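2 protein chains.
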Amino acid sequence: MPVIGVIGGGQLARMMIPAAVALGIEIRVLAEASDSSARLAATAVGDYRDARTVLDFANGCDAITFDHEHVPQEVLRALVAAGAAVRPGPDALLYAQDKLLMRERLGALGVPMPDWARVESRGDLAAFLADHGGRAVVKTPRGGYDGKGVRVVGAADGADDWLADGPVLVEELVSFRRELAQLAARRPSGEVRLWPLVETVQRGGVCAEVIAPAPHAGDAAERAAAEIATTVANGLGVTGVLAVELFHASDGRVLVNELAMRPHNSGHFSIDGSITSQFEQHLRAVLDWPLGDTSPLADWSVMINVFGALPSERIASALGHQPSAKVHAYGKGPRAGRKAGHVTAIGDDLDDVAYRARAAAAHFDV
Amino acid sequence: MPVIGVIGGGQLARMMIPAAVALGIEIRVLAEASDSSARLAATAVGDYRDARTVLDFANGCDAITFDHEHVPQEVLRALVAAGAAVRPGPDALLYAQDKLLMRERLGALGVPMPDWARVESRGDLAAFLADHGGRAVVKTPRGGYDGKGVRVVGAADGADDWLADGPVLVEELVSFRRELAQLAARRPSGEVRLWPLVETVQRGGVCAEVIAPAPHAGDAAERAAAEIATTVANGLGVTGVLAVELFHASDGRVLVNELAMRPHNSGHFSIDGSITSQFEQHLRAVLDWPLGDTSPLADWSVMINVFGALPSERIASALGHQPSAKVHAYGKGPRAGRKAGHVTAIGDDLDDVAYRARAAAAHFDV
Numbered sequence: 001m002p003v004i005g006v007i008g009g010g011q012l013a014r015m016m017i018p019a020a021v022a023l024g025i026e027i028r029v030l031a032e033a034s035d036s037s038a039r040l041a042a043t044a045v046g047d048y049r050d051a052r053t054v055l056d057f058a059n060g061c062d063a064i065t066f067d068h069e070h071v072p073q074e075v076l077r078a079l080v081a082a083g084a085a086v087r088p089g090p091d092a093l094l095y096a097q098d099k100l101l102m103r104e105r106l107g108a109l110g111v112p113m114p115d116w117a118r119v120e121s122r123g124d125l126a127a128f129l130a131d132h133g134g135r136a137v138v139k140t141p142r143g144g145y146d147g148k149g150v151r152v153v154g155a156a157d158g159a160d161d162w163l164a165d166g167p168v169l170v171e172e173l174v175s176f177r178r179e180l181a182q183l184a185a186r187r188p189s190g191e192v193r194l195w196p197l198v199e200t201v202q203r204g205g206v207c208a209e210v211i212a213p214a215p216h217a218g219d220a221a222e223r224a225a226a227e228i229a230t231t232v233a234n235g236l237g238v239t240g241v242l243a244v245e246l247f248h249a250s251d252g253r254v255l256v257n258e259l260a261m262r263p264h265n266s267g268h269f270s271i272d273g274s275i276t277s278q279f280e281q282h283l284r285a286v287l288d289w290p291l292g293d294t295s296p297l298a299d300w301s302v303m304i305n306v307f308g309a310l311p312s313e314r315i316a317s318a319l320g321h322q323p324s325a326k327v328h329a330y331g332k333g334p335r336a337g338r339k340a341g342h343v344t345a346i347g348d349d350l351d352d353v354a355y356r357a358r359a360a361a362a363h364f365d366v
Numbered sequence: 001m002p003v004i005g006v007i008g009g010g011q012l013a014r015m016m017i018p019a020a021v022a023l024g025i026e027i028r029v030l031a032e033a034s035d036s037s038a039r040l041a042a043t044a045v046g047d048y049r050d051a052r053t054v055l056d057f058a059n060g061c062d063a064i065t066f067d068h069e070h071v072p073q074e075v076l077r078a079l080v081a082a083g084a085a086v087r088p089g090p091d092a093l094l095y096a097q098d099k100l101l102m103r104e105r106l107g108a109l110g111v112p113m114p115d116w117a118r119v120e121s122r123g124d125l126a127a128f129l130a131d132h133g134g135r136a137v138v139k140t141p142r143g144g145y146d147g148k149g150v151r152v153v154g155a156a157d158g159a160d161d162w163l164a165d166g167p168v169l170v171e172e173l174v175s176f177r178r179e180l181a182q183l184a185a186r187r188p189s190g191e192v193r194l195w196p197l198v199e200t201v202q203r204g205g206v207c208a209e210v211i212a213p214a215p216h217a218g219d220a221a222e223r224a225a226a227e228i229a230t231t232v233a234n235g236l237g238v239t240g241v242l243a244v245e246l247f248h249a250s251d252g253r254v255l256v257n258e259l260a261m262r263p264h265n266s267g268h269f270s271i272d273g274s275i276t277s278q279f280e281q282h283l284r285a286v287l288d289w290p291l292g293d294t295s296p297l298a299d300w301s302v303m304i305n306v307f308g309a310l311p312s313e314r315i316a317s318a319l320g321h322q323p324s325a326k327v328h329a330y331g332k333g334p335r336a337g338r339k340a341g342h343v344t345a346i347g348d349d350l351d352d353v354a355y356r357a358r359a360a361a362a363h364f365d366v
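Chains as they are written, first to last, in my numbering: chain E, 1 to 366; chain S, 1 to 366.
One chain only, chain E, in its complex shape (with noise of 0.2 angstroms):
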């Protein structure tokens, strides 16, 4: 029996678990602490910055994957020369570690992007704001996450703060009609499959909702996103699961936002709306199995995410309202504003699956 190591104890393990237990996978997590989402399938507890702590963790893998992406370069380094299958490898998680890194590597691709620059000083980020109406997004390089490490500025000073540690990232204020995410994997031998495009919903700088297909991206839309999720895949060589969210330009481009290289919140949906889910692919891609069917099991699905906590008994009256709904809990404690679960939705009216999900997911407002 194959045996995978997930690095990073969050939902994203917790969500592999159904489907190793269904491929006969056996799943060993490095979790951060025993209270963790995936602790059912935790082997160990310690810190994934620490080489000895991972490298023992690693120890009897067959292959290793992450819920997240931060564990260090020389961690993973040391991974590797220790003989371990890193999936996605360090060559490849820079880009998804490093904001920089990655819009200089996605340029040299030719991926469509907002403009952007490596800002150094005040001066940097003036001339930039001169040049593009006054207003743009700095993101600091490494660490940011649903929101965090993301701010728009309009004076040249809005970055201080963060210029303190080092460069940042700045980028055009992108005038979009509507945020799209590509799903895509990889597995090391070549193999790409792509899930249909998605539309993303962003409240607060996190993402709420999302609906699949994207309902009026179009065609040029579609091909488009197909071809820079394709493009990054193999050119950033990523194996497993990489999101690349996008938004869709009022002028019509496709630009690249973010890169994720691993299960994503807008891939949640296909958990109950593929035939394949991204968790599923995830381990296949990673242990170099064949890819599964991505196809759609409706014509429709919508996914909302639920914010604090899910009481079993609000639980119980979302499935009650609602029989039809997916809901998905993440066994967490409660905690305001963390994701704790979602819930899911399919069916061939995309009026009639948006009102089931966002009804079942109201069980869970405060």
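I should point out that these hints are in silico values taken from the structure, not numbers from a laboratory.
Just so we're clear, the structure is a prediction, and the values are computed from it rather than from any experiment.
Backbone N, C-alpha and C define an ideal beta-carbon position, used for all residues, glycine too.
Accuracy of the hints is not assured; some may be wrong.
Ranges between beta-carbon positions, derived for each pair [stated by the list, open to error]:
(1) S/348 - E/56: 45 to 51 angstroms
(2) E/337 - S/59: 34 to 40 angstroms
(3) S/203 - E/215: 44 to 50 angstroms
(4) S/338 - E/112: 51 to 57 angstroms
(5) E/253 - S/338: 55 to 61 angstroms
Mind docking chain S on chain E? Use the hints.
For chain S alone, kept in the frame of chain E given last:
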């Protein structure tokens, strides 16, 4: 977070894990051995016939359910006496444990069955054979499964070995067109939901293949099966999943063959083919949560059992040739003839679906 304890660590317990993970339910398994199929969720290894072992295991569980029906009545009743929510409870399980009691009880409920009799001697068997064309099916009241404890006899001495241990059940050898199964679930507060009627194909007394829905059963048989399952679920006070194995007799009658009060092989298709799988429904029922929509995800599902073993390289080869097939491996060591996994395909054209399922399953043929 609710806690469900499952007694028995076989593949049915294993397949409850993904449903528990999704719904944020903690699942604990009392396994027979450390290498059980459900070892990922095993919190104890011990003998389910030992009341102390089972009571210790049940401590801290919100509900207790089962991978199999072999837990002795005295252990079940000790659990109830200790305040455990045992689902299904001993009064219901009795009828899944003892086929003579089951026949008596179903008779009282007016459920259609093959002719049957309690046989205590050669003389009893001779009389039944004389009334039924000289051939009949003899079953041990307890402990039979997958064709074990069942034999066709044509002479009065055909059950001598079993009669030495006590009375046996004799049944009319039903001339049937096909075998069917009606899967249902019932929660303690009374809600009952049914899946579509399925056809089961047996080879050597063991389920080989399931087609959902049953292609040629017809409306009358569907109505009869639904009424039977509802009557049995309510009449016996079943909680959790109930599988009613049925003969569709040559004369059109729908007759109860066997009962199982747990997720059942005839419902494995529902993991990939239904909005709510039998495993999710079972956990919901056991917690007395509202039951889920049992609608199909496609017009047809075909499930094929795999016996013996599912080596990784065969899994990869099956997935490579049939990217839409869903392969389920039970994490068992190889053993000839033992159910080791199953394969499901779904879609709109039965011939195509059956082809894809069988083609994928063929990768595991010797």
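Exercise for the section: Taking the numbered hints from earlier one at a time, note which ones the structure violates and give those numbers from smallest to largest. Expected result: The structure breaks none of the hints.
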